[in-house]
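2 protein chains.
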Amino acid sequence: MKRKSRSRRAKSTAIELSIRLDLPGIGHIGPGKIELLKQIRTHRSISAAARAMKMSYRRAWLLVQDLNDVFAEPIVEKWFGGTARGGATLTEAGDRLVASYEAVVQKSVDANRAVLNEILRSAQSREASRSSAS
Amino acid sequence: MKRKSRSRRAKSTAIELSIRLDLPGIGHIGPGKIELLKQIRTHRSISAAARAMKMSYRRAWLLVQDLNDVFAEPIVEKWFGGTARGGATLTEAGDRLVASYEAVVQKSVDANRAVLNEILRSAQSREASRSSAS
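The listed protein sequences correspond, in order, to chains A and B. For the first sequence, this note's numbering gives the first residue as 1, with consecutive numbering after it. For the second sequence, this note's numbering gives the first residue as 1, with consecutive numbering after it.
Keep in mind that the hints were calculated from the coordinates and are not lab data. The reader is advised that the hints may include incorrect statements.
As the list makes no split between identical chains, a pair holds if one copy fits it or if it spans any two.
Using 25 Å as the maximum straight-line C-alpha spacing, the simulated SDA-like pairs for lysine to any residue come out as follows [stated by the list, open to error]: (1) LYS38 to GLU92; (2) LYS107 to ARG121; (3) LYS107 to SER122; (4) LYS38 to SER18; (5) LYS54 to GLY25; (6) LYS38 to GLY86; (7) LYS54 to PRO24; (8) LYS38 to ALA114; (9) LYS107 to GLY32; (10) LYS107 to ARG20; (11) LYS78 to HIS28; (12) LYS107 to SER18.
Bear in mind the structure is a predicted one, so any value in this text is a computation, not a measurement.
Construct the complete structure from the given sequences, taking the supplied hints into account.
Here you go:
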């Protein structure tokens, strides 16, 4: 509660960037695929990751195939059998991809902090004038 | 033609970034709205901009309303009458928004050149091994 006290609009803290990498002639990597990879890493299962993202298993599986097709090394590794009757996890290349993607987002935010704050201020001043008018 | 000679895959030159700005609790600004603004600036008309983007006038108009609602100052200005029987153009705030957005994309690319090239190489090596196998 204390954290909110500085502002009436606690949610308006900073602009976030959604970034999609467009590999020309090859494919796209965006927030959805990266989130799926992180969920697979957490759950060690494609179907559990799909459930966590409210996505069909088929869609998750196609996204994984897509990622494995884009890169020289597999990104997700599946196995069969064992006590958990199969599962999936990220390969080293998969871990590297997630880390690289997150670094790209973070560096983009860092490189643009001033202009992003300026854009947000020009939007928030509208919100402020609305609040004071109501 | 000469520019292509260094590579068999001339299209695979660099990763491009599609960036959406998420203003928390306020709205989104992404490549589609920015392209619409640039088309409005070029054509001085919302309907001509919509046609250029193969978008319905209604959709273009809603996107413009959305942008005008987000910011303190209007982004697109419409007028009626005159020899062209009305039209639209960007306000100064609109020009600033387009310039700021494009600066964000350019700075993000610049700040991440090394890691983006690394990601592209790890994808292209797959393409190369496919080409040589076929």
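Original post:
Quick one: LYS107 to ARG20, C-alpha cut-off 25 Å, is that within a copy, between copies, both, or neither?
Top reply: both (14 Å within a copy, 15 Å between copies)
Subject >> Within, between, both or neither: LYS38, GLU92 at alpha-carbon 25 Å >> reply: within (13 Å within a copy, 42 Å between copies)
**OP:** Give the relationship of LYS107 and SER18 under a CA distance limit of 25 Å: within one copy only, between copies only, both, or neither.
**Re:** both (13 Å within a copy, 15 Å between copies)
**OP:** If the cutoff is 25 Å on CA atoms, where do LYS107 and SER122 land: within, between, both or neither? Let me know, please.
**Re:** both (23 Å within a copy, 20 Å between copies)
Original post:
Between copies, within a copy, both or neither: which fits LYS107 and ARG121 at Cα up to 25 Å?
Top reply: both (21 Å within a copy, 20 Å between copies)
**OP:** First find the shortest C-alpha distance between LYS107 and GLY32 inside one copy, then the shortest across copies, and answer within, between, both or neither for a cut-off of 25 Å.
**Re:** This pair counts as both: shortest intra-copy Cα distance 19 Å, inter-copy 23 Å.
Original post:
Between copies, within a copy, both or neither: which fits LYS38 and SER18 at Cα up to 25 Å?
Top reply: both (16 Å within a copy, 21 Å between copies)
**OP:** Evaluate LYS54 and PRO24 at a C-alpha cut-off of 25 Å and name the case that applies: within, between, both or neither.
**Re:** between (29 Å within a copy, 23 Å between copies)
**OP:** Evaluate LYS78 and HIS28 at a C-alpha cut-off of 25 Å and name the case that applies: within, between, both or neither.
**Re:** So LYS78 and HIS28 pass the 25 Å test inside one copy only (22 Å; across, 37 Å).
Subject >> Intra- versus inter-subunit Cα pairing at 25 Å for LYS38 with GLY86 >> reply: Within. Shortest intra-copy distance 18 Å satisfies the 25 Å Cα cut-off; inter-copy 51 Å does not.
**OP:** Classify it for me, LYS38 with ALA114: is the Cα-Cα distance of at most 25 Å met within a copy, between copies, both or neither?
**Re:** Result: close only across copies, 23 Å inter versus 30 Å intra.
**OP:** Give the relationship of LYS54 and GLY25 under a CA distance limit of 25 Å: within one copy only, between copies only, both, or neither.
**Re:** Result: close only across copies, 23 Å inter versus 30 Å intra.
Comparing the model with each numbered hint stated earlier shows that all of them hold.
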